Every structure is written in structure tokens, then in C-alpha cells.
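Peer 1: Make a model of the complete structure from these sequences and hints.
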Amino acid sequence: MVKVLIGLVGLGVVVFLILAVEYSVFNDVHVNAIKRATGQPVEEKKPVAENKGEKCKSDSNPVFKGQFIDRANILFIRPLGDTQARFIARSSIVLKEGTEAAVYNPTDAVLEEVSEKDGKYKLSLQASCEVGFFFDRLDKVAKELQPKALIKKGELLGYVKGVAQGDSFDFFVSNTSKKVSHINSKRWQDKESLYAQCPYEYFDVRNANNLKRDYIAYTLVHNENTIQKEWNKEQGVSTISCGNLSYDIKGTASGGWFKGESTDTKGDYLSINKYLSTVQISIRKDGKLVEVLTDYSPDVLLPDLKSGKVACYQDVNQDKWVIVKLISDNKLSIAKGNGGCPTQFAQEVSDIWER
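Be aware that the sequence shown starts at 271, since it is given in this note's numbering, and climbs by one per residue.
In case anyone wonders, no lab produced these hints; they're calculated from the structure.
Here the structure is a predicted model, which is why all the values come from computation and not from measurement.
Check the hints yourself; a few may be wrong.
Stated by the list, open to error - Per label pair, the in silico range of CB-to-CB distance:
#1 ILE622 <-> GLU462: 25 to 33 Å
#2 GLU462 <-> GLN435: 20 to 28 Å
#3 SER451 <-> ASP574: 17 to 25 Å
#4 SER567 <-> THR613: 14 to 22 Å
#5 SER328 <-> SER455: 37 to 45 Å
#6 LEU426 <-> LYS456: 36 to 44 Å
#7 ILE453 <-> SER567: 41 to 49 Å
#8 SER330 <-> LYS520: 41 to 49 Å
#9 GLN435 <-> LYS555: 20 to 28 Å
#10 LYS555 <-> ASN479: 50 to 58 Å
#11 LYS601 <-> LYS422: 47 to 55 Å
#12 ASN608 <-> LYS327: 50 to 58 Å
Stated by the list, open to error - Derived BS3-like pairs: lysine-lysine, alpha-carbon spacing no greater than 30 Å straight-line:
#13 LYS601 <-> LYS529
#14 LYS325 <-> LYS392
#15 LYS448 <-> LYS325
#16 LYS536 <-> LYS606
#17 LYS606 <-> LYS456
#18 LYS461 <-> LYS601
#19 LYS456 <-> LYS423
#20 LYS544 <-> LYS558
#21 LYS529 <-> LYS595
#22 LYS544 <-> LYS529
#23 LYS555 <-> LYS579
#24 LYS555 <-> LYS449
#25 LYS327 <-> LYS413
#26 LYS423 <-> LYS327
#27 LYS413 <-> LYS390
#28 LYS520 <-> LYS544
#29 LYS431 <-> LYS558
#30 LYS590 <-> LYS544
Don't be surprised by glycine CBs; every beta carbon is placed ideally from N, CA and C.
Peer 2: Pasting the structure below:
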């Protein structure tokens, strides 16, 4: 009997050790990412602060009532769909050079994951069953953070630095109840592009500290005076926007165009869109940006470029031009060159793109 009891106890210890090892391996990726970000020894293992097994709560329109960064540190914010941004589904924030700014949680949310790539950190959070968000390319992560823990509004998430050139970090919000609409949905494969939302649309507008208005205002200064003149603070939030992920407008040149069987992540992808008084054109190859052009004073402003029409768009800063001819609702051709716009469209040197 004693041997049997000893055997059972031994078996129980083995099972416990196996479960403990599995738990440790499961959490090491997230916990070690936090430790690397905060200078803690990776070998040290700490239990994860769980969210007590609570299920997410359904809320397709949560309100972000706290600021995520001190606005005094912001130089400008790139709008969604910006042709100059690396990731069009994200809002990229550019900080003033030489600053180090704290990033705060804008609303109560569960910290789902912490990951690290090339010395930068990504924090993914869930505000409700439908709405998730993340901050990417943070330089440091707060020591107190634990994956699967409920992070309260206003809690410190980490720190970012302002650099001489390039974006400082990214802010992304997705809402599974609001799928982005495209003319040809099969062209869009990037998961971020399917449900991305303007982050600032979720911020509080119900008091004197109108966070939505104040954050969106920073998207209007990135193209300097041309765009800044379009915005009048006294006109209120209804007159401003932080951009759109889909610029598809049927019967016009506006939106996404592709070569052959290409998608937004594989092959050749052309984007033509209007942002306030400008026309922005970009070409991506396998999801990576390869060419951009912005016409700050276009003769034909989208969506006025319709079937059978031709327009030339010139970027005076780069001394380049692009001629766009809309052949039909689902087909257009473009020609590119250097210098000023030519007097006529050369069909023989043009590329064909389709919806």
C-alpha cells in the first residue's frame, strides 16, 4: 500500500511539473518581451497577472476618454491611407525631434500581447469584443505591464522618441463590426486593411477637452501650409477627418488599382486618392511602398476624373508627373515622367491597371 501511495504521489508530481513547464513556455514569449524592453533579466520567470478569466464585453463603439500622449510632443499625424506612410491602415505619429514621450492607455483594455522586433515593441490591447488596438514601434515598455492583465485608462504603457526623420510610432484601431468597403473585395488581403478605423473617431467629444478634435487637427499640418489653411478650428469636428482606408468610388479613378492577379500584399498595387485639396498617388510592390507623388494644386480634383477623361498630376517637389486616363469603370492607364506635365497622353508608354 505504501508503495502504491508513493507511486501515485510521484505521478502527481510529474503531471504538475509538465503542466508548469507548458504554462512557462506559453508565457515566456510575452513576459520576456516586456523584460527585454525594461532591462529586466530574461531568465527570471514571474507569474502572469491574469484577467480572472472574464470574457470580453460587446461594445462596437467604446469611448476613449484618456489621452494616449501629451499633444505638445506631436509634430504631426499621418492620416489613414496616406501614400507616404509605410502602413496605410495605421495612423503614424511623428514626434518633435529630440523628445521622449510617455504613451498612456486611452481606455480600459486587456493587454493581449507584447512583441518585439528590431528593438521596437508592439503592445496589442482589446477594448471590447469588437474593438482592438495596438501601439507599435515603442522604444520602451512600462515595467508594471503583464500580458492578459486589465490595463486601466491612463496607465503608462511605454515611451517613444522623436527622431530626425521618419515616423516615431504607430496607432492602430480595428473594429470587426465595421468592415472596410472596397469595389473588388478579393483584392484586399492585408488583415489590417479589412477592419481598420480612424483611432481618433473613438475619442471623447462630450466635454470641453475634445480629444477627437484635438488629435485629428494634427493630421492637417503634415502637408504644411497648403492643407493647414483648409482647417478652421472654429468650424468644429464635422469639417475635419483623419483620412480613409478605402478611397474606392465607382465610375471614377479614385481608389485602388492592380496589375493582373495582384492584391494589396502581393504584386503591383496603385492607389489614387484625394486628401482635402490634394491628389496623392502611390505604387506598392508586394506591399512595400516604391513610389509616391502628391499634387498640391491639381487641375482635376478627385472624384471628378471619370470614364473617358484624362488628367495630369505633378509633384513639383520631386519634379515628376503622372498622367491618368480612366478607360472604363474597371480599367485605367497611367504614364509617368520627369519635369512638367506633357501636352498629350502617350498611349504607347502607358501601363494598364484594373480594379
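Peer 1: Any hints from earlier that this structure breaks? Give me their numbers in increasing order, please.
Peer 2: 5, 7, 8, 10 and 19
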